[in-house]
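Those sequence lines, one after another, are chains H and L.
The first sequence begins at 1 in my numbering and counts up one residue at a time.
The second sequence begins at 334 in my numbering and counts up one residue at a time.
A hint or two may mislead.
What the hints assert, rightly or not - Okay, the calculated beta carbon distance ranges per label pair:
{"id": "1", "chain 1": "L", "residue 1": "Gly664", "chain 2": "H", "residue 2": "Ser230", "range": "43 to 49 Å"}
{"id": "2", "chain 1": "L", "residue 1": "Thr364", "chain 2": "H", "residue 2": "Gly56", "range": "48 to 54 Å"}
{"id": "3", "chain 1": "L", "residue 1": "Arg646", "chain 2": "H", "residue 2": "Glu315", "range": "33 to 39 Å"}
If you are wondering where the hints come from, they were derived from the structure by calculation, not from laboratory data.
Keep in mind the model is a prediction, meaning the values are calculated, not measured.
Just so you know, even glycine gets a beta-carbon here, dropped at the ideal spot from N, CA and C.
Number of protein chains: 2
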Amino acid sequence: MNSNLPDDTKARELAAAIVNGDRRALAKAITLVESHRPQDEAAAAALIGCALPHAGRAVRIGLSGAPGVGKSTFIEALGTWLTSKGKRVAVLAVDPTSRRSGGSILGDKTRMVKLTQEPNAFIRPSPAGATLGGVARRTRETMVLVEAAGFDVVLVETVGVGQSETAVADMVDMFIVLVSPGGGDELQGIKRGIMELADLVVVTKADGDLTQAAVRAGAEYRGALHLMRSKFEGWSADVRMVSSTEGKGIAEVWAEVEKFQTCLSKTGAWERSRRSQRVAWLWAELREGLLGLLAADPRIAKDLPELEASVDRGETAPPAAAKAILARWLGKS
Amino acid sequence: MNSNLPDDTKARELAAAIVNGDRRALAKAITLVESHRPQDEAAAAALIGCALPHAGRAVRIGLSGAPGVGKSTFIEALGTWLTSKGKRVAVLAVDPTSRRSGGSILGDKTRMVKLTQEPNAFIRPSPAGATLGGVARRTRETMVLVEAAGFDVVLVETVGVGQSETAVADMVDMFIVLVSPGGGDELQGIKRGIMELADLVVVTKADGDLTQAAVRAGAEYRGALHLMRSKFEGWSADVRMVSSTEGKGIAEVWAEVEKFQTCLSKTGAWERSRRSQRVAWLWAELREGLLGLLAADPRIAKDLPELEASVDRGETAPPAAAKAILARWLGKS
């Protein structure tokens, strides 16, 4: 590709290659949007602009669960089942602890060997990023690219660090929470705030010695979900049990996904959810951008930690501190 | 009070009167911080600055529950029980739907007649405000004032509109969720996101025909709480049943509050929670302030809705839209 061409032309060419199914162009494009170099920003933005009209047709599913619950095993089982049905599946991840070298614990191809060998599957580890906001934006942009490439299902995995689940829930159509039968690796219980995001709960490892425990755990989660108001009219989040190793329950999980999509499409909630995903992205970018501008200002960069510490000690009233920071910033810019 | 004195002197005098127990000074001070007039801002900020060193000694408790669950009845029962034990109790409310005239449905003195007659109780309806952020800030400032006035317990009621619960949870030490026995007014179930905030669940109306239903509901909520990871080390959120009309269970609820305070003080979590309340307030003010500056800019005021609509329709990529808005704003200011 001629590097002397303006960004727009290169972007159009790269986007066209992606839409045509060029897997190397897709990887190259994702590397570009994941870049942290300022000189890549304009090209990445132009690329997303060209790809956006081709995006939107995939089902986007968030997958969350504590370490040890069996996410990779489940993703491999679900992914291979879906490709066996002729679907094209992309697996992404949001992991703010991901580092450029050393990689992320998510999207670990060594744990999903069978799926990496599927021609109709595409697995990409989490982008690296200094903040969750940065990682989430790059993942959203990658999602635009894989959708433009024609993938039918996008799975976005999250490991539960900080506010990762909320960030992922804002970018997907359906949020699935994986839990283990209990008495196993995951003694801690479901992280607070995750239950409320769940459109479906999947109990993993429902086989062998853990079968009874899985059934009991399923009943408990069903009871808890029942106590909560529905997120969507006509949809009651339910529980399904799976054994990824035995391949049991996977079809039933996908049946729930299709039921969910049908139910929400009927009431218009699907399209509303898509619109609110887009608008949520806009406001996330605005908030990130504004706070970033503030924090990047050299004079504020010194005052802010001092004022925050003073507030922390109870010496300065928070509204007064905020006013002082904003006034200093406005006075400067 | 001499209105020609500078704000600082007036603030010091008013703060001193409040600390001395002058109830009229307290009411006047709260009216000042609730004001929306720009000319009152400096005086209110000075007042909070003078009051802040005298604040911090009360126990702050958030109370949430769906309409019809019996919040007012419970607050009256708890409030009168506390004053009978020699405690001074302030009752505040966060209700973003509150309007200046017409008042709020919360903090309704007509529903807590007995408590309004208690000399050691102080009830204030929710401040009015255009945004939840504005209402929350005024409530936090009012809390500083009632604490400076020597109140031992501050109850902050919220009705569950929008993100009110999260705003209240950020400003209190302990968050109590009230639920009804079920099959009554509150058929909808607990609003999503509230369960995760609860440090204690109280089942109301546990008397007469509803006694059995209350016990069953209690068991269900206990089961649900058990599935979730603890917010604080050493504290498992539990369930208590009360009958406000029969005065049963109130002492047990307060015993849980004291157990909670002891437990968290032991691990240092109480002080950490106080510090994070202060810092959360600072960042809430910064985010509100920044977005407010953006939205108030006349040229942005036209572009922002247009770009948001374009994003909503899927025509403009959100990061590109955010970049355009911020660039336009920076170019202008």
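For each hint, the structure was consulted:
1. Distance hint check for Gly664(L) and Ser230(H): the Cβ-Cβ separation is about 45 Å, which falls inside the suggested range of 43 to 49 Å.
2. With their beta carbons about 52 Å apart, Thr364(L) and Gly56(H) fall inside the hinted range of 48 to 54 Å.
3. Checking the proposed 33 to 39 Å range against Arg646(L) and Glu315(H) shows it is violated: the Cβ atoms sit about 49 Å from each other.
Hint check: a violation occurs at hint 3 only; the rest are consistent with the structure.
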